[in-house]
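This is what each chain is made of:
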Amino acid sequence: MSLKDYIAERKAIRTPLVMTHVVCGYPSFEDNMKELEIMNAHGVDFVELQFPFSEPSADGPLFVKANQESVDSGTTVAQCFDFMAEVTKRFDFKVLMMGYYNTCFKMGHDNFIKRLKEAGGCGYILPDLPIEEADELHALSKQADLTPVILMTPTNTDARLAQLGAASQDLVYCVARKGVTGSKTEMNQEVITFLERCRQATDVALGVGFGVSAKEDIDFIAEYGDIAIIGTAALKAWEVGREEGLHRFFESLGL
Amino acid sequence: MSLKDYIAERKAIRTPLVMTHVVCGYPSFEDNMKELEIMNAHGVDFVELQFPFSEPSADGPLFVKANQESVDSGTTVAQCFDFMAEVTKRFDFKVLMMGYYNTCFKMGHDNFIKRLKEAGGCGYILPDLPIEEADELHALSKQADLTPVILMTPTNTDARLAQLGAASQDLVYCVARKGVTGSKTEMNQEVITFLERCRQATDVALGVGFGVSAKEDIDFIAEYGDIAIIGTAALKAWEVGREEGLHRFFESLGL
Amino acid sequence: MDLFDFKDGREGYYGQFGGSFLPEILTATVEELKACFHECKKDPSFWAEYEQLMHQYSGRPTPVTYLPNLSKQLGGAQIYVKREDLNHTGSHKINNVMGQGLICQRLGKKRVIAETGAGQHGFATATMAAKFGFDCKIYMGEVDVKRQRPNVFWMENLGAEVVAVQDGQRTLKDAINECMRDWVSNMADTHYVLGTACGPHPFPEMVSYFQSIIGMEANRQIKELTGGRLPDKVFACVGGGSNAMGIFQGFFDDDVELIGCEAGGLGPGLGKHAARLAYSDASVGVAQGFKTFFLQNDDGNMLETQSVAAGLDYIGINPIFAYLWEQGRVRFEAATNEEVRETLKLVMKTEGLIPALESTHAFAKAVEEAPKMGKDEIILINQSGRGDKDIFTVADALDDAHWREFIKEKAAQYES
Amino acid sequence: MDLFDFKDGREGYYGQFGGSFLPEILTATVEELKACFHECKKDPSFWAEYEQLMHQYSGRPTPVTYLPNLSKQLGGAQIYVKREDLNHTGSHKINNVMGQGLICQRLGKKRVIAETGAGQHGFATATMAAKFGFDCKIYMGEVDVKRQRPNVFWMENLGAEVVAVQDGQRTLKDAINECMRDWVSNMADTHYVLGTACGPHPFPEMVSYFQSIIGMEANRQIKELTGGRLPDKVFACVGGGSNAMGIFQGFFDDDVELIGCEAGGLGPGLGKHAARLAYSDASVGVAQGFKTFFLQNDDGNMLETQSVAAGLDYIGINPIFAYLWEQGRVRFEAATNEEVRETLKLVMKTEGLIPALESTHAFAKAVEEAPKMGKDEIILINQSGRGDKDIFTVADALDDAHWREFIKEKAAQYES
Ligand SMILES: Cc1ncc(COP(=O)(O)O)c(C=O)c1O
Ligand SMILES: Cc1ncc(COP(=O)(O)O)c(C=O)c1O
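Chains as they are written, first to last, in the working numbering: chain B, 1 to 255; chain H, 256 to 510; chain L, 511 to 926; chain R, 927 to 1342.
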C-alpha cells in the first residue's frame, strides 16, 4: 500500500493522524521500545526515529540533550537501522528516519536509501537538506518508493511554498512557528493563515509540528491540517513519568 | 680659623684626615650621638650629617634604607639642624651638612645658609646640585663663610675638572669610582690617575670617598689624597656590632 | 582567478564544497542577505565607505613590518609580516565584523548575534554593536567562557550579553549551533555575524570579501618595501580560514606559493588536533550549513579537536580552501602546540612582536622553511592578531611560575 | 611658539622649571646625549628614519576617530579621538621609546634601562630592546610588579630583566631612583630610556620631540575630517606629561584650548591624588633631576600619591607644563577615580572603545565639558593607550564579580 493510501485509510478512522518522535538510543534503545509500545497502544500513525547527530542545530534543548547523550553513549547509525528494522517488524505504524543530512551524506545516498528501505522505513525528514541540494537523493527515493518529507515554514513566500509543494509527495511537514523544536506554539490566526497557504501550495497531507502538546492543538490540527506531529512534549512526559507519564500524556490528548 | 687652616693644622698631626658620615635620625638621634662619640674618640676630622630625603638617588642600598627609615619615622629638617647644633657644640671635628638639593631649595637658599651657620656647620655637600645651578647658593655661602663641597668624578674631562676646581674652596670630594655609595672600590692605577687629574685641577684638599673601608684604602689615600671619606663601611660596622663594632672598625683602619 | 564567479546552479560552490544547508525557515533571510551583499559588492561606494570606516575606526591600513633580526638569525629568506594585530580589538576579526555591521545596517536590522571560540570574534562583534548601536548577544561554549574570561569581561562591558552554551563539547561548534537556533527564531530583526569564512553561502564569500582588504594592502605594501617584488611564499594560520583568505586573495593571480597553517595540536591522530587538510584525519561532510572537510567519525558525528590556540580549534575548514587544496593552489601544513610555543618565544625575543597563538602557527611554519630558502627570497606572514590579549593561555602554554603565583595571590586577595 | 629655543645659559629651562640636577658623574654622559640628540634633531633624515620606523613597526599614523554616538548622547560638542591605543604595544609610549632606541644606536650603546610604573613604558622599552638587539633591564617598584604582573610577564618574555625595586614606596618614583643608580654605574654602555617628559634636560625636550608626532598627525587629520577646522578644545591625560605634550604640540600656535587632565584620585587633600596643578597641594621643588611642581611636604620629602591609573600616579609634572600652566596656556583639571570608572563604562558602551584608565581621565573631563559646548564646536581627546591590557585593574575598578570567580577558579586549578 502506498503511503498516500495509508494516509487516506487512517484518515478514515481518525482525524488528525498522529506522528510521534523518538531519539534513537536515548535514554536507551530499551526505553525507546517501551515508548513505542505506548505510542502504538494509543494508535499513532507515524513515528519519526531520530538518528542522533553531534550538531543538532535545528533542535531545542531537550532534543539537543537527547542527541548528545545518545551520541556520547556510543549509539551508531548501524544500531539505529537495526532498531528501525525491529520496530517496523513489530508495529503497524509507519516509520520515518529523521535526522541531519550529514548522517545520510557520510554513508552515501545509495547506501542510505538501501538501508532505510531494508529497515522498513517509509521515508525520511532531513531538516537541513534544502530541496536545491536534494535532487539526487529524491530521485533515488522515488526509485525505492521512499518519501522525502519536505518542510514548509511560515517565512516562506507563496512562490517558495509552491516550489516546496511541487517537490513533495504524500505529506509535508508544516513548521507552525519560527524557532527550534520544544517550545509551545500558540495555534492562532497566524498559524491558520500559514496552513491555508500550505494547502494552496500542495495537495499532499499537511503534518503540523513544533510545539504540539495539548488537546486543543490536536483539535486545531484536525480542523486545519492532517497530521499532528508530537515531538518534545512526549519526551518531556516520558522524562517526568516514564511509561505512566507517557500514557497519561496521550490520554490527555484524547488519543 | 678658616677651614683651610683647619685642614692644614690637622694634616700636620695625621695624614690622611678622616671624614665620616651619619644619617640623621637613623637608627635614631641617640644612636647617632653614640656613633659620633666613637668617631670623635678615634680622632675624625670631619663628619657629614646627612639630612634624610625621600629620594636618595645617589645613595646605595644601606644609605637608602637609612634615609627612608629616618624619613618614615618622622625626622624633620628642623630636628637635623637642632642635632647639628648639639653636635658642633659638643665635639671638635668639623661638621658638614650632606643631603639632596631639594632640602635646601624647599626652605630657601637664604634660610638654609642661615640655619646651617647657626647650627655651627662649616659647609655642605649636595651631590645633585651641579655647579651650573649653584651660583646663588655659592655666593651666599661665601658671604657666610661656608664651604660648598664640590664633587669631582672619574668621568669628568680635564676641562670639566678645571671648572669644578675653579668653583671649589678648601676641599673637594673625589668620587673614586662610578656608581653609588656602598660598594668597595679597588684603589688601583685608575684611581691614582684620576686623583692626579684632580690634583692638576685644584689646589684644595682632596677628599676621597666611595667604598673606603680598609686600612689599605687609608694608606692609599695618605699617598694620593688628603682626606679619607668613610661612609657606608662605618654604618655597616655599626649595624653589625653597634658601639663595639664601630670601635673595632676604626681600630682596624688604624685610627 | 575569480572564485566567486559561480556557474549557473552552483552559486556558493567551490568545486564540490560549500553550498547552503540550512533549515527551510531561513531561506528568505539568507536570500535577503545574499541580495543585500551582492548589491553592496557591486556598488563601489560601499567599499569606499567600508575602507573609510576601517581607516578611521580601526587604523587601517595596517603596516607590513620587515623582520631583520629573525631573517638574519634563520639565515634564509627575508621575512615580512602583515600586522593585523594592530587593528582595533587586536585582530583581523574586526575587518569582517565592521563589514557585516554595514550590511546589517542596510538590512535595517537592530540586533546581531555571533558565536565565538577564542573570544576575539565575540569581542570584535560586541565592539561593532556598540559602535553601530545594535543589541548584541554572543554565544560562547561554557568551556571557552571559563578559559577566555578576559574576553567575556570586555564583551559584557561593551554592552553585549554573553551566553555560556552548555551543549555538546561546549566549545565553538556548539556556539555556532546555538547561534543557528537563535537565528531561526529571530531572523526578522537579527543578523547573524558569522566569524569566519565558513558556514552556508554567502558567508564564505562575504567574509572573504571583507577580509580581502588584508591582501589588497599587503600586495601593494610588500612591493613598496622590496622595490616591486612579490613574496615567494605567504603563510597564514587557518582556523575557519578568514585571515588566510584575506591575505591570500592579494596573491592568487601571482606566482606566489600560499601556505595555510593549521593547528597540529598534539600531532596526527583522531581527536588530537584540528588539522583538516594537513593531516589525513578529516573527510568530507555537511554540517553547520555547508559542505567541506570535517574532523568526523564514520557515522558523520564530529570529533573532539585539540589546539593551544582556541581560534584554530574548529572541526571544519572553509570550503574555498578545501577546493584550492584539491586544486593544488594552497598547500596546507600543521604546526604542533610544541612548535608554536617555541616559535612564540623566538619571535618575542628577536623582534619584539607578540603574535596571537593562532598567528604563531603561521610563524612556526615560516621559521621552519625560511632557512631552506635563499637570502634573496621573500616570505610574508600574516600576523592575524596579538597575543597579549591571551595572557592566561600564553602563560599556561609557557608554564610561567611567576604568573601562577600572581594568580594565587590575587585569588587570596579576593577571598579576604 | 618654540619652547626649545632656550635663552643663553637657560638651556633646558622653561621659565623657572626644568634644568638638570644630576650627580656630577653623569655630566659627560648627559652632554654626549644632548649633543647626539641635537644633532639628530637638526638632521631631517633622522626624523624621516624615525617616521618610517614608526610607520612600518608601530602602524603610524594612528587615526583620528569621530565619536558620533557619544557626541549625540552628550548633546554638545562633536567629539574626536586620536587613537594612540592602536600603536604597537598599545600606547603612545612606543613613540618615545623607538626614538630613544635610534638615539641609543647612534650613541653606540648596547644596553638600555628604564623605569616603569604601570608597565606600559617598560613593555614598550623591552619591545624596543628586542627590536634593536639591546640588553634591557627594567626597574619597577615591587608594589607595581605585584599589581601589574601581566606587563612583567611580557617584558620578561621579550627578553628584558625586570627588577622589583624594594625601596621607598616601591612604586614609580623609586624605580626612577633605581634607574639613576644603575645609570651612574653603567653609563659607558648604557642609555637610560626615561619614559615621560620629566627628568633632567634633555629628557623633557627629547621625549616631547618624539611624542610631537601625535600632534603633527592630529592637526592634519582633524582638519581633513572637519573640512579644515581645528578643535576648540584638546584634552589629554597628564602623568609625567608626554602624551599631552605630544598632542598639544600640534596646536600651540593655534587658537585652541588645551586641557591637561590629572589624576584626581580620591579628591583634593594631601596623599589622596596625583594632581600637581589642578589641585593646590603641590609646590615647586627639585627632585629626580629637575625642577617642577611636586607633591611634597614642607621639608621637601615626597608624599604618597593615589590614583586608579598607575600611569598617572607620579609626584611631579613635566617642567614644560609647569611653565605653560603659569603662562595660562594650558588649563589643568583633575578627574577622580569615580569619574573615571563611570566614564570608562560610558565610552565602552557607546563607542566600542576601551581607553586605558590613564586616557579615561581625558575622556572624563571632555564628557563633563562637551554638553556645555555648542553642537558646532569640536573636542579632540588623546586616547593615549588601550585599557584591555589593564584588565586586572579595570576589573577591580569596576568591581566585577565574575572576574573574581574566574581568578579564584584559576588559582584553584594552579593549586592542584
Ligand atoms: C588572532 C586569530 N587568528 C586566527 C584565527 C582563526 O580564524 P580564521 O581562520 O578565520 O582567520 C582567530 C580566530 O579566533 C584569531 O582570533
Ligand atoms: C596609557 C598611558 N597614558 C598616559 C600615561 C601617562 O604618561 P604621560 O603623562 O607621560 O603621557 C601612561 C603612563 O604609563 C600610560 O601608560
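Just so you know, these hints were derived from the structure itself, not from any lab.
There's no promise every hint is true.
[To be verified] With a cut-off of at most 30 Å between alpha-carbon atoms, the simulated DSS-like pairs for lysine-lysine come out as follows:
hint, chain 1, residue 1, chain 2, residue 2
1, L, Lys582, R, Lys1036
2, L, Lys859, R, Lys1036
3, R, Lys1334, L, Lys918
4, B, Lys178, L, Lys582
5, R, Lys1271, L, Lys656
6, H, Lys439, H, Lys470
7, R, Lys1271, L, Lys620
8, L, Lys620, B, Lys178
9, R, Lys960, L, Lys918
10, L, Lys656, R, Lys1072
11, R, Lys1036, L, Lys855
12, L, Lys855, R, Lys1072
13, H, Lys439, R, Lys998
14, L, Lys782, B, Lys65
15, R, Lys960, L, Lys656
16, L, Lys918, B, Lys184
17, L, Lys918, R, Lys1149
18, R, Lys1036, L, Lys620
19, R, Lys1072, L, Lys859
20, H, Lys397, R, Lys933
21, H, Lys433, H, Lys344
22, L, Lys855, L, Lys882
23, R, Lys1072, H, Lys320
24, R, Lys1275, L, Lys620
25, R, Lys1334, H, Lys320
26, L, Lys918, B, Lys142
27, L, Lys656, B, Lys65
28, R, Lys1036, H, Lys433
29, R, Lys1334, L, Lys855
30, R, Lys1036, L, Lys885
31, H, Lys433, R, Lys960
32, R, Lys998, L, Lys620
33, R, Lys933, L, Lys656
Going through the hints against the structure:
1. As the CA atoms of L:Lys582 and R:Lys1036 are separated by approximately 18 Å, the hinted pair is consistent with the 30 Å bound.
2. Annotation: proposed proximity of L:Lys859 to R:Lys1036 holds, straight-line Cα distance about 16 Å (limit 30 Å).
3. A C-alpha spacing of about 8 Å is found between R:Lys1334 and L:Lys918, which places the hinted pair at or below 30 Å, so the restraint holds.
4. Restraint check: the Cα-Cα separation between B:Lys178 and L:Lys582 comes to about 60 Å, which exceeds 30 Å; the hinted pair is violated.
5. Pair hint R:Lys1271 plus L:Lys656 holds up; C-alpha atoms about 23 Å apart against a cutoff of 30 Å.
6. Distance restraint check for H:Lys439 and H:Lys470: the Cα-Cα separation of roughly 13 Å lies within the 30 Å cut-off, and the hinted pair is therefore satisfied.
7. For the given pair, R:Lys1271 sits about 22 Å from L:Lys620 by alpha-carbon distance, which is consistent with the 30 Å threshold.
8. For the suggested pair L:Lys620 and B:Lys178, the alpha carbons sit about 18 Å apart, so the restraint of at most 30 Å is met.
9. With a C-alpha separation of about 46 Å, the suggested pairing of R:Lys960 with L:Lys918 is violated against the 30 Å cut-off.
10. Between L:Lys656 and R:Lys1072, the direct Cα distance comes to roughly 24 Å. Compliance with the 30 Å bound is thereby established for this hinted pair.
11. With a C-alpha separation of about 22 Å, the suggested pair R:Lys1036 and L:Lys855 falls inside the 30 Å cut-off, and the hint holds.
12. With a C-alpha separation of about 23 Å, the suggested pair L:Lys855 and R:Lys1072 falls inside the 30 Å cut-off, and the hint holds.
13. For the hint linking H:Lys439 to R:Lys998, the alpha-carbon distance of about 67 Å lies beyond 30 Å, and the restraint is violated.
14. Taking the CA atoms of L:Lys782 and B:Lys65, the gap is near 25 Å; set against the 30 Å cutoff, the hint holds.
15. In summary, the hint linking R:Lys960 to L:Lys656 is not supported, as the alpha carbons are separated by about 52 Å, beyond the 30 Å threshold.
16. For the hint linking L:Lys918 to B:Lys184, the alpha-carbon distance of about 48 Å lies beyond 30 Å, and the restraint is violated.
17. A distance of roughly 50 Å separates the Cα atoms of L:Lys918 and R:Lys1149; the hinted pair therefore is violated under the 30 Å criterion.
18. Of the pairs offered as hints, the one joining R:Lys1036 and L:Lys620 is violated, with about 56 Å between alpha carbons and a cut-off of 30 Å exceeded.
19. Using a Cα cut-off of 30 Å, the hinted pair R:Lys1072 and L:Lys859 holds, with the two alpha carbons roughly 23 Å apart.
20. For the hint pairing H:Lys397 with R:Lys933, the CA-to-CA distance comes to about 28 Å; that is within 30 Å, so the pair holds.
21. In summary, the hint linking H:Lys433 to H:Lys344 is not supported, as the alpha carbons are separated by about 36 Å, beyond the 30 Å threshold.
22. Note on L:Lys855 and L:Lys882: the hinted pairing holds, with a Cα-Cα distance of about 21 Å set against a maximum of 30 Å.
23. Of the supplied pair hints, the one linking R:Lys1072 and H:Lys320 holds, its CA atoms being roughly 21 Å apart against a limit of 30 Å.
24. The straight-line distance between the Cα atoms of R:Lys1275 and L:Lys620 is roughly 16 Å, inside the 30 Å bound, and the hint therefore holds.
25. Pair hint R:Lys1334 plus H:Lys320 does not hold up; C-alpha atoms about 36 Å apart against a cutoff of 30 Å.
26. Distance restraint check for L:Lys918 and B:Lys142: the Cα-Cα separation of roughly 66 Å exceeds the 30 Å cut-off, and the hinted pair is therefore not satisfied.
27. Pair hint L:Lys656 plus B:Lys65 holds up; C-alpha atoms about 21 Å apart against a cutoff of 30 Å.
28. Pair hint R:Lys1036 plus H:Lys433 holds up; C-alpha atoms about 18 Å apart against a cutoff of 30 Å.
29. Using a Cα cut-off of 30 Å, the hinted pair R:Lys1334 and L:Lys855 holds, with the two alpha carbons roughly 28 Å apart.
30. Our distance criterion of 30 Å between C-alpha atoms is met by R:Lys1036 and L:Lys885, whose separation comes to about 27 Å.
31. For the suggested pair H:Lys433 and R:Lys960, the alpha carbons sit about 20 Å apart, so the restraint of at most 30 Å is met.
32. Distance check on the hinted pair: R:Lys998 and L:Lys620 sit about 19 Å apart at the alpha-carbon level, within 30 Å; holds.
33. Note on R:Lys933 and L:Lys656: the hinted pairing is violated, with a Cα-Cα distance of about 61 Å set against a maximum of 30 Å.
Checked against the numbered hints given earlier, this structure breaks hints 4, 9, 13, 15, 16, 17, 18, 21, 25, 26, 33; the rest are met.
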